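Based on the hints, put chain B in the right spot on chain A.
Chains A and B, in that order, are what the protein sequence lines are.
Basically our numbering = 1-based index in the first sequence + 2.
Basically our numbering = 1-based index in the second sequence + 184.
Watch out, some of these pointers could steer you wrong.
Heads up, simulated DSS-like pairs for lysine-lysine below, C-alpha to C-alpha not over 27 Å straight-line [what the hints assert, rightly or not]:
1) B:571 - B:531
2) A:17 - B:531
3) A:17 - B:542
4) B:691 - B:571
5) B:542 - B:531
6) B:567 - B:650
7) A:100 - A:124
8) B:755 - B:690
9) A:132 - A:109
10) B:690 - A:17
11) A:100 - B:202
12) A:124 - A:109
13) A:207 - A:17
14) B:567 - B:531
15) A:109 - B:202
Cβ pair distances, simulated, as ranges [unchecked claim]:
16) B:299 - A:38: 48 to 58 Å
17) A:37 - B:218: 41 to 51 Å
18) B:215 - A:278: 52 to 62 Å
19) B:238 - A:116: 32 to 42 Å
20) A:14 - B:311: 36 to 46 Å
21) A:174 - B:230: 58 to 68 Å
22) A:66 - B:237: 54 to 64 Å
23) A:20 - B:502: 48 to 58 Å
Calculated from the structure, these hints are not laboratory results.
Model, not experiment: these values are computed from the prediction.
Note that beta-carbon positions come from the ideal geometry of N, C-alpha and C, so glycine has one too.
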Amino acid sequence: MIEVQAVFKSFDGFKALDGLTMTVPTGAIYGLVGPNGAGKSTILRHITGVYQQDSGLVLVDGQTVYENPAVKEKIADIPDELYYFGSASTRDMARFYKGVYPRFDEKRYETLREVFRTVDEKRPIRRLSKGMQKQAAFWLALCLRPEVLVLDEPVDGLDPVMRRQVWSLLMSDVAQDGTTVLVSSHNLRELEDVCDHVGILSHGKVLVERSLSDLQENLVKMQVVFQTRDLPELPEDMEVLNVQQVGRIHTLIVRGKADEVTNRLAVYSPILMDALPLTLEEIFIYELGGEDYAVRDIVL
Amino acid sequence: MSWEVRIMPFEISSSEKKGWFSLTLFQKNWARFWPLVVGYGLIQFFVLPMDLLTQAGYSRKMSASQLFAHRILSATTWAAPLGLGFGLLVAMALFFYLMNNRSVGMLHALPIRREGLFLTNWLTGLGFFLAPNAVVTLIALAVEGAFGALQPTLTLRWFVLHTVVAMFFFCFAACCAMFTGHILALPVFYGVLNGLVAGLCMLADNAMNVLFVGYAGSDMFYSPLTRWCTPLWHLIWQIQRGDTVEGVYYAAAGTSIALGYCLVLGAVFTLIAVIVYQHRQLERAGDVVTVGWVRPVFQWGVGICAGLVFGTVLYENFFRRQGAWAFVAAVSLCAVLGAFVARMFLKKTLRVFAEGWKSCLPVGLCMLLLLGGARADFFGYQKWTPKADLVESVYLGNMQISPYDSGRSGVDITDPALIAEVIDIHRELVKDLDDLERPYAGTYSTSPEGWETSTSTGVRIEYAMKDSTYESRWYSTVPISEETLADPDSYAARLQALLNRPELVKKMYLNWMEEQEETVVSAWFSNARTEERGAADLTEKQARELWDAFLEDLEAGRIHRYLLDGRERMKNCYYTDLEFELSLSYDQPTGERDISSAHMSVTVQNSATAMMEVLEREGLTGLLRSRETENIPDTETVYPEYAG
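The following block holds chain A by itself, in its conformation from the complex (with noise of 0.2 Å):
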């Protein structure tokens, strides 16, 4: 289990944490979103035990990571921006991490080599390209057996087929080995198809952390027809983070259980109404509304 208790952590005066807390249960998927230097990064290299602190906690497995190599055994962790030294191919990395990694499984890295067949492991990793590269850090990364896997990013140069092969053997790990895989990204659908737990990240803080079935649980998007063409004027408590007219129709983005909403709506009698599921993207887009982040209409 990765355990963040209100960190701080300011670069130059920029407090790029702003006593962030959140918690990934052990042998959950959890998805980091948020926008850009809300500090999706600097928690990672954190939590990997690169960045120490200004206070606060950073756990995993309840004990501190940074300058504990224990711990730092049990994380593997694949940076947005990759590095590996200047002229060492795929096999060179894999030897290196042999001697660094107690738990560097050989016969992994032999097996995975099907999987990624077309990285040439002999190539100086420096001279794939950024897919391929992209592959060499997995099949390296995987080859640790880690408890805990750290994603930035992680899919991001990888073709459709690749993306699919890779979450596949992530959540085969998950399912088998219990790994705890965080993972950040800015690609919301694909991050609701593999979490089980989602982070929303803003100004160096978790808005909000919950598993993905109760964060789609707690907002509705209600799609009503009322009797007049006009909104009738809602309960005060009623919180409504978004509403659009077309024509007769609106859509109503509001917090709550879809059945609790649609009873307190039933009382205007509408013509039509209808509860939808949000996505991932629908729910970060209005969580992050009342951060000053709306989608706003702008037209050039």
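Frame of chain A; chain B shown alone:
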């Protein structure tokens, strides 16, 4: 509480044992940077074994053993420059990962502690120097053995010295690497810090020379402390230093000091590096300075150094005529600009003027206050003169005294009355500091033909105080004119009068002889202007008589010294010098009598009546050439032209 629980704090958990060293990373370092090792080893191969091979058999004066010993000692002196270069290169290679965000992320995500990374890299560095030097040493020993001239001690010393010195510079560079996150800043920091103290001494000396009237320079630059703080200089000096102990010459006598210096300072640099690394903020990769408290130090340091360097350049090239205040302004301005440039490096942007002025202007303001205060003599340096009862002795020297014969050396004055007189003259001298700095036309003419002489003299005053300290002042342009010399109360006239006291004139001519007994061997005339030797040599008898007459005139105060090469001196002095060849005998410390020869030149003066009498008696006056007839016209046309 159970027993196990009580002893827990004293146990080292398995996680604490991990990550202090990585053999894999060590091996990887070798695999990545072997060209450095090979390059270093090749150079060392040419420095020692190849040199021995090529030199063997080329010397007919020395045996192979002597030749090899000489060559090995010579090769040992390469330790400092080679160590300086390769220490930096190896540190740059091994700690490059700290300068880049991606590599920092990769290396620090590994299950290795920071101390482990440092130790692994440090040991790699040690191996990089140890291995090639060991191989080269073995080859050198083989070469020596092949020529039957084995020098194991010297060769081993070569090995130890080269390895330790290179490691010292590596530790120094590694320490610098911990303070910066920019790979290009590392060699700059390293280079600057290697010569910072010596450079600051030069800059400070130059600034004081401009600011203080009477500043006599200092030996700061050449002081042992400066040398100790300048590793390259100190090590070259120590390694090349020979010494004679009880009559036996020891080459490279400073080797053990050099080794001690490297080991102690190397350990200190390593310790500092580890501590800084432990606290280093890795997100600062790419920054010029990574340590928070060093950032303002860097800004101020760059500001001050830039101020002194570029301020001096501006002053020397464009504003010298505007005087010391122009220097103060130029330095202050350049200090502000330097601070802004430093801030640009720190902030990684050129747009620092609006936000940075609060931290940059104070740098210039401080320089303005400090240098301006010095110039305005807030420290009382320029007007300082000692109390007579605190002075043990005083030395007067570096004066442009006429005539230009052997009696122009400086004099030590120990008589309290004369010391008081010197202090009085000094006090008079510093009353008008501007007068001592006024730009003079520089010459005045004593004849219409253009025989020009300087209208100023330099004066160096060195006080040896009773508390064993020394204070010196140097006035390079003390104005001297016929008018001031005519006024008996002026410092010029008083200084000339002092210098003409018989005991001082005697010291000027004869002080260097000390306790030696002189015998005149020969004498001849020479042209004082062209220094050509006269046609006729004097007889031994004439020479002895003239020497005795000279000593008599000296005792009687009839040999004069002139601060101004003017009419007075023209009238009294001939263009003819008497050159004496002397034999000096003296007792050695062992009690043996030794003899040496010396030469002395004395300008013939009309006032030296005893000498003139001998010359007339011997019929030699016809050989004298008068200055007066050659240079001074009948009409009174003397041109004091200085722009006072």
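Each hint, compared with the structure:
1. B:571 - B:531: violated (54 Å)
2. A:17 - B:531: holds (17 Å)
3. A:17 - B:542: OK: residue 17 of chain A and residue 542 of chain B at ~23 Å, within 27 Å.
4. B:691 - B:571: holds (25 Å)
5. B:542 - B:531: holds (15 Å)
6. B:567 - B:650: holds (21 Å)
7. A:100 - A:124: The given pair, whose Cα atoms are some 17 Å apart, holds under the 27 Å limit.
8. B:755 - B:690: holds (22 Å)
9. A:132 - A:109: holds (26 Å)
10. B:690 - A:17: Distance of about 81 Å is beyond 27 Å: violated.
11. A:100 - B:202: holds (15 Å)
12. A:124 - A:109: holds (18 Å)
13. A:207 - A:17: Distance ~10 Å between residue 207 of chain A and residue 17 of chain A Cα, so the pair holds.
14. B:567 - B:531: violated (45 Å)
15. A:109 - B:202: Status holds; Cα separation ~25 Å.
16. B:299 - A:38: 48 to 58 Å: violated (36 Å)
17. A:37 - B:218: 41 to 51 Å: holds (46 Å)
18. B:215 - A:278: 52 to 62 Å: Check passed, 59 Å falls within 52 to 62 Å.
19. B:238 - A:116: 32 to 42 Å: Given range 32 to 42 Å: violated, Cβ gap about 60 Å.
20. A:14 - B:311: 36 to 46 Å: Holds, since residue 14 of chain A and residue 311 of chain B (Cβ atoms, about 38 Å apart) stay within the stated range.
21. A:174 - B:230: 58 to 68 Å: 60 Å Cβ-Cβ, so the 58 to 68 Å window holds.
22. A:66 - B:237: 54 to 64 Å: holds (59 Å)
23. A:20 - B:502: 48 to 58 Å: holds (53 Å)
The structure is inconsistent with the numbered hints 1, 10, 14, 16, 19, although it conforms to all the rest.
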